[in-house]
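Q: Chain residues, written in single-letter form:
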Amino acid sequence: MNTMSTLSIAKSLRGLSDRDLVLGLKSVGETDLPRYQVEFYRRFAPYIYKVGSQCCQIYPDGNELARDLVQETFIKAFIAIDKFMVTVGEDAVFKKHIKGWLGKIANRQFLKLYAERKNANAETECTEAEEPSYDQFSSYFDPPREEIPSIYVTLLREAMSQLKDIDQHIVNAYAAEGCLESTRHISDRAMHLLCETYQTTSENIRKRKNRALTKIKAHCLKN
Amino acid sequence: MKTVATNNSNSKDPQVDLEFLLRTNGFLFPETVNEVNAYERTFGDTDIILPDDMQEPSFLKEARSRVTRERDNIISLRADNFSLAARAEKGNELPEHIKQQMEKDLAKLKR
Numbered sequence: 000m001n002t003m004s005t006l007s008i009a010k011s012l013r014g015l016s017d018r019d020l021v022l023g024l025k026s027v028g029e030t031d032l033p034r035y036q037v038e039f040y041r042r043f044a045p046y047i048y049k050v051g052s053q054c055c056q057i058y059p060d061g062n063e064l065a066r067d068l069v070q071e072t073f074i075k076a077f078i079a080i081d082k083f084m085v086t087v088g089e090d091a092v093f094k095k096h097i098k099g100w101l102g103k104i105a106n107r108q109f110l111k112l113y114a115e116r117k118n119a120n121a122e123t124e125c126t127e128a129e130e131p132s133y134d135q136f137s138s139y140f141d142p143p144r145e146e147i148p149s150i151y152v153t154l155l156r157e158a159m160s161q162l163k164d165i166d167q168h169i170v171n172a173y174a175a176e177g178c179l180e181s182t183r184h185i186s187d188r189a190m191h192l193l194c195e196t197y198q199t200t201s202e203n204i205r206k207r208k209n210r211a212l213t214k215i216k217a218h219c220l221k222n
Numbered sequence: 000m001k002t003v004a005t006n007n008s009n010s011k012d013p014q015v016d017l018e019f020l021l022r023t024n025g026f027l028f029p030e031t032v033n034e035v036n037a038y039e040r041t042f043g044d045t046d047i048i049l050p051d052d053m054q055e056p057s058f059l060k061e062a063r064s065r066v067t068r069e070r071d072n073i074i075s076l077r078a079d080n081f082s083l084a085a086r087a088e089k090g091n092e093l094p095e096h097i098k099q100q101m102e103k104d105l106a107k108l109k110r
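Protein sequences appear in the order of chains A and B. By numbering that gives the first Met the number 0, the letter at position 97 of the first sequence is numbered 96, and the numbering carries on one by one without gaps. By numbering that gives the first Met the number 0, the letter at position 9 of the second sequence is numbered 8, and the numbering carries on one by one without gaps.
Note that these hints are calculated values from the structure, not bench results. Treat the hints loosely; a few may be bogus.
To be verified - With the C-beta cut set under 8 Å, the calculated list includes, among others, these residues of chain A facing chain B:
(1) Q36
(2) P45
(3) Y46
(4) V50
(5) I74
(6) F83
(7) G88
(8) V92
(9) H96
(10) G99
(11) L155
(12) N171
(13) A175
(14) L179
Said to hold, decoys possible - Keeping only pairs whose Cα atoms sit at most 20 Å apart, straight-line, the calculated SDA-like set for lysine to any residue is:
(15) A:K214 to A:K117
(16) A:K75 to B:F19
(17) A:K25 to B:A62
(18) A:K214 to B:F19
Said to hold, decoys possible - Label-pair distances were calculated between CB atoms; the ranges are:
(19) B:H96 to A:R156: 51 to 59 Å
(20) A:T200 to B:Q99: 21 to 29 Å
(21) B:E95 to A:L15: 42 to 50 Å
(22) A:L220 to B:I97: 56 to 64 Å
(23) A:S11 to B:E95: 48 to 56 Å
Positions of the beta carbon are idealized from the N, C-alpha and C atoms, including for glycine.
Modelling step: build the complete structure from the supplied sequences, incorporating the hints.
A: As C-alpha cells, then:
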C-alpha cells in the first residue's frame with residue numbers, strides 16, 4: 000500500500016465519529032483493525048493518561064505506573080470491545096460513555112498494577128474468578144448528583160493521605176466496585192488480589208476496610 | 000439517593016458519597032457519564048498531550064502477537080488434550096470431572 004493511501008485512510012478515520020469508530024473496532028477485519036485501534040488510542044489515551052497521572056501521583060514511581068496503566072487499559076479494552084454497548088444519542092454523551100467504560104477497565108488495571116508493584120511475588124491472577132464484563136448497563140440509569148462542596152474533597156484528600164498504603168489500596172479497591180459504604184463484598188478477583196499482595200486473609204482485609212472507612216468519615220465529619 | 004451536605008454550616012449530619020468523591024477527584028477513574036461530567040467540571044475536559052514515547056501505541060503490536068500466540072496454543076492444546084485423555088480412558092467418552100479440570104487448566108493458560 001502506498002503512502003498516499005495510508006495517509007488518506009488515516010485521515011478518513013480521524014473524520015469518523017466516536018460511534019462509527021467503535022462500530023468499526025467491533026466489525027472490521029484483521030487487516031484494518033490496527034488502524035482503528037491506533038485512532039481509538041489517539042482519541043482516548045490522553046484522557047486516560049491525565050486521570051491515571053492523578054491516581055498514581057502519590058506513589059514513588061507514579062509516572063511509570065501511569066504509563067503502564069495506559070497500556071494495560073487499552074490492551075484490555077480492545078479485548079473487551081465486543082461487549083461494549085453502542086448506544087444512540089448525542090455524540091458528546093457517547094464520548095463520556097466510552098470514557099466511563101475505559102475508566103472501569105482502568106480502575107481494575109490500576110489496582111492490579113499497584114498490587115504487582117507492592118508484591119512482585121503475589122499471584123495476582125485469580126483463575127477461579129470470572130473475567131469482569133465491564134458492563135455499562137447500570138451507568139445508563141445513574142441519576143444525576145448534587146454538587147458536593149469542595150471542602151469535602153479537601154478533607155477526603157487529607158484523610159486518605161493519613162492512611163497507610165495498604166489501607167488506601169483497600170479503600171480504592173472497595174470503592175472501585177461500589178462496595179465501600181455497603182455490606183456488599185468485593186469480587187473474588189479483587190479480594191484475591193488484596194490477600195495475595197499483602198499475604199493476609201479476607202477477614203483482615205474487611206476489618207481494615209471498615210477501620211479505614213471509619214477514619215475517613217471521622218476526619219471528614221469532625222472538620 | 001444519598002443525602003449530600005450543603006454549604007449550610009448548621010448542617011448536623013451530612014452524608015457524603017465517598018465513592019463518588021474518590022472517582023471524581025483523581026483517586027480513581029470516573030465510571031459513569033455523571034462521574035465523568037463531575038470530573039470534567041473540576042479538572043476540565045481539555046486533553047493533555049501525551050509524552051513523545053506514548054504518542055504511538057507500539058505496545059499494541061506486541062500485545063496482538065501475544066494474544067495470537069496464546070490463542071493458537073489453546074487451540075492446539077485443547078485438541079491434543081482431549082485426544083490424549085480419550086485414548087487413556089476406556090471408551091470414547093470423557094468423564095465430566097476430567098473435562099471440567101481440563102477447561103480450568105486451559106483457562107489458566109489463557110490468562
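Q: Holds or violated: is there a CB of chain B closer than 8 Å to the CB of Q36 of chain A?
A: holds, 6 Å
Q: Let me know if the C-beta of A175 of chain A comes in closer than 8 Å to any C-beta of chain B, holds or violated.
A: holds, 6 Å
Q: Would the hint on P45 of chain A be counted as holding, given a Cβ-Cβ threshold of 8 Å to chain B?
A: Interface hint status for P45 of chain A: holds (4 Å vs cutoff 8 Å).
Q: If you check the beta carbons of H96 of chain B and R156 of chain A, does the distance land in 51 to 59 Å?
A: holds, 52 Å
Q: Min Cβ distance, Y46 of chain A to chain B: is it shorter than 8 Å?
A: holds, 6 Å
Q: Using the beta carbons of S11 of chain A and E95 of chain B, state whether their distance is inside 48 to 56 Å or not.
A: holds, 52 Å
Q: Interface hint check: L155 of chain A, Cβ to nearest Cβ on chain B, cutoff 8 Å. Holds or violated?
A: holds, 5 Å
Q: Does the nearest C-beta of chain B fall within a distance shorter than 8 Å of the C-beta of L179 of chain A?
A: holds, 5 Å
Q: Next item in the hint list is I74 of chain A. Is there a CB on chain B closer than 8 Å to its CB?
A: holds, 5 Å
Q: So, as I understand it, the hint says V50 of chain A touches chain B; can you test that by seeing if any CB pair is closer than 8 Å?
A: At about 5 Å, which falls below the 8 Å cut-off, the nearest Cβ of chain B leaves the hint on V50 of chain A intact, so it holds.
Q: Do T200 of chain A and Q99 of chain B keep their Cβ atoms within the hinted range of 21 to 29 Å?
A: holds, 28 Å
Q: So, as I understand it, the hint says F83 of chain A touches chain B; can you test that by seeing if any CB pair is closer than 8 Å?
A: Violated - the Cβ of F83 of chain A stays beyond 8 Å from chain B, reaching only about 13 Å at its closest.
The earlier numbered hints that this structure contradicts are 6, 7, 15 and 16.
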